[in-house]
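Protein chains: 2
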Amino acid sequence: MNPKIKWLRDKVRLSNLDGIIISNPVNIRYLTGINAEGTLLITRKENFYITDSRYIEYAKSVITINDEIIVCNMKDISKEDYENFFLFCDNVGFEEDYITYLTYKQYMQKYKINNFEETEGIIEKQRIIKDEEEIGYIEKACQITDLCFNYLTNFIKIGMTEKEVAFEIEKFFIQNGAEGVSFETIVASGKNSSKPHAIPSDKKIELGDPITIDMGCKYNGYCSDMTRTIFAGYIPVKIREIYDLVLKNQKQTLKEMKDGANIKVISRNVENDFKLHNYDLIHSLGHGVGLDIHERPFINSKNDNLLKENMIVTNEPGIYVPGVYGVRIEDTVLITKSGCINLTKSDKNYIIVDEQDVTKYKDIIS
Amino acid sequence: MNPKIKWLRDKVRLSNLDGIIISNPVNIRYLTGINAEGTLLITRKENFYITDSRYIEYAKSVITINDEIIVCNMKDISKEDYENFFLFCDNVGFEEDYITYLTYKQYMQKYKINNFEETEGIIEKQRIIKDEEEIGYIEKACQITDLCFNYLTNFIKIGMTEKEVAFEIEKFFIQNGAEGVSFETIVASGKNSSKPHAIPSDKKIELGDPITIDMGCKYNGYCSDMTRTIFAGYIPVKIREIYDLVLKNQKQTLKEMKDGANIKVISRNVENDFKLHNYDLIHSLGHGVGLDIHERPFINSKNDNLLKENMIVTNEPGIYVPGVYGVRIEDTVLITKSGCINLTKSDKNYIIVDEQDVTKYKDIIS
Chain E
2 MNPKIKWLRD KVRLSNLDGI IISNPVNIRY LTGINAEGTL LITRKENFYI TDSRYIEYAK
62 SVITINDEII VCNMKDISKE DYENFFLFCD NVGFEEDYIT YLTYKQYMQK YKINNFEETE
122 GIIEKQRIIK DEEEIGYIEK ACQITDLCFN YLTNFIKIGM TEKEVAFEIE KFFIQNGAEG
182 VSFETIVASG KNSSKPHAIP SDKKIELGDP ITIDMGCKYN GYCSDMTRTI FAGYIPVKIR
242 EIYDLVLKNQ KQTLKEMKDG ANIKVISRNV ENDFKLHNYD LIHSLGHGVG LDIHERPFIN
302 SKNDNLLKEN MIVTNEPGIY VPGVYGVRIE DTVLITKSGC INLTKSDKNY IIVDEQDVTK
362 YKDIIS
Chain A
2 MNPKIKWLRD KVRLSNLDGI IISNPVNIRY LTGINAEGTL LITRKENFYI TDSRYIEYAK
62 SVITINDEII VCNMKDISKE DYENFFLFCD NVGFEEDYIT YLTYKQYMQK YKINNFEETE
122 GIIEKQRIIK DEEEIGYIEK ACQITDLCFN YLTNFIKIGM TEKEVAFEIE KFFIQNGAEG
182 VSFETIVASG KNSSKPHAIP SDKKIELGDP ITIDMGCKYN GYCSDMTRTI FAGYIPVKIR
242 EIYDLVLKNQ KQTLKEMKDG ANIKVISRNV ENDFKLHNYD LIHSLGHGVG LDIHERPFIN
302 SKNDNLLKEN MIVTNEPGIY VPGVYGVRIE DTVLITKSGC INLTKSDKNY IIVDEQDVTK
362 YKDIIS
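Taken in order, these protein sequences are the chains called E and A. Residue numbers for the first sequence follow this note's numbering, so the first one is 2 and each next one is one higher. Residue numbers for the second sequence follow this note's numbering, so the first one is 2 and each next one is one higher.
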């Protein structure tokens, strides 16, 4: 049997469940490799993947005999079949943080379930620790991201729009072996950089703009995530203070991230250092990265858990001065026994694109 | 007050609700224009939009005084504030088909709600009928899609990969004023065209391949959706039978689609004609299109409702011979009193790209 399904069957038994319904397609992809729309049922004796006519051929092509998963077309499943999947089962698990309230009610009826049990992220918790294959995919996604950043430092010119740059990033990813972006690329220039979640606009990049680029791609379903703030033409003196403060904290966090480190403490350290300088960390310090771009563990000062070997997380402090500008620096890192390994390796020192000689304009370089 | 919010307040009152919590970001965009992550509360007296620090600046920039919506940062809302939003309210509505079971439980606790009422797509049902502005946006998205298709008929060459073509489509959309794709573009050539939901692969387009292209873009949040099956080099004789059958049914459906037409009957007609020729319609005949690429009304033989003026829906019959090939032809259409208007206007006759003279190869043209 597929080892991940075997793990889940054991876990289900240990949790005193007689079965589980997996609805989250990302969890199904993790367990089976199938990237489609459908439902995975782990019943007392067997494993079923139920999908519709659109995906039947594909799902059957992914599943091998060794997986021990029976692929079914929902149009061939009768009312009675649904009721028989969990016949004589007392407790059946479901993903309460994925299915809607309506689906919950429909499952109860359709499968005639007596006791439908919340499973508290049973699979998501397993996904936190990456295996060798998963680490390899994320490393590959991070390598493509680094290549892209290197390309951008020559590509970006004053006068280009944010959208043009965002588009070039997506094109580079696809042309260099990625499946596509792992989230909507952020290219935020000038005062747009003060919005942590800005959408690329038709604004042109201007002389002296900071440009925050938050980007990532997918390789075999697995994500990368990296942010750099770079500068168009020259670096305004004023912004150096927050750039240096963000970078200092990003580097300090890298030093602190290792197996056994407390997530809350790491996050507090950045929050406190920012406060000392009259700034706030207005978003999380980081998050897990895997098949989802944002997954467990969430790196913030409310999370009292410890980092563990083979977690892959981001480290992304940022400071934003509303309506003026912002700086964020982010790496995707692999936690090890003795420390952490930066999987994104792009330069974090001041980077100027389309550099201009502005010494003659005394007034603008402040 | 914003007229859509006013409509919702009236609707809430008529439904004997004392308030409603809107969580679906697409519904929030429909009601307010805000395209972010947050929650909209319609309480007895006021309207609140609750978001986090990432979106506060943006949300405030979208909302005007006339909207009468109070924008709040969730970090400033206390436990007591949450409990006061619906104080002395008996029945509060929620979106049971959007929020997860877990969120449902959390809302109950956080807002201390006595009676949390399902609202059965209250806003989605309103979104079915498009207003003038919405129709204009979808028309524009469809125009860009037609331009793209026209461009593709010259661009596509034998030897290109499906991924290359899919990428070119996305690039064209962005360069021609769209925000991006409205769903993941399908470019399925040769036997891949037998999978209705194929993902663009590294497969090269070969001589004689049918190529099913299912694509759409977004304009101001609103979607277009169009499919054409075209041919590389020449048209294999064998495929003409299903092409002609699909096209005949697509055109017949266009004739039947108008205000007052029964959705079930229209769908049955296609199913029956396919069956007469020993084929099946293995997916829905169509779906509504708006801020979501798939929204109400769903056009299939289970839906006994009538089409109404100013609905915008797709008409997309398809036939798939597993492992061999498939044909799908789809338009986005606007329902009118007297009939319907095709918003996607691309040619539906046989289209050959990169045409080759194959008369000398008698064996391949069968």
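Among the hints, erroneous ones may be present.
Pairs count within a copy or across copies, as identical chains cannot be separated in the list.
[Unchecked claim] In silico DSSO-like cross-links for lysine-lysine, where the CA-CA straight-line distance does not exceed 27 Å: (1) K113 <-> K256; (2) K338 <-> K252; (3) K249 <-> K172; (4) K141 <-> K172; (5) K303 <-> K80.
Just so you know, these hints were derived from the structure itself, not from any lab.
Inset, instruction - Using 27 Å as the alpha carbon limit, work out where K141 and K172 are close: within a copy, between copies, both or neither. - result: For K141 and K172, both the intra-copy (17 Å) and inter-copy (25 Å) Cα distances are at most 27 Å.
Legend entry - Homo-oligomer pair classification [K252, K338; C-alpha up to 27 Å]: For K338 and K252, only the intra-copy Cα distance (18 Å) is at most 27 Å; the inter-copy one is 65 Å.
Inset, instruction - Up to 27 Å between alpha-carbons, please classify K249 paired with K172: within, between, both or neither. - result: Close neither inside one copy (32 Å) nor across copies (38 Å); limit 27 Å.
Legend entry - Intra- versus inter-copy proximity for K256 and K113 (alpha-carbon distance at most 27 Å): neither (53 Å within a copy, 43 Å between copies)
Legend entry - Intra- versus inter-subunit Cα pairing at 27 Å for K303 with K80: between (45 Å within a copy, 17 Å between copies)
Hint violations for this structure: numbers 1, 3, all remaining hints satisfied.
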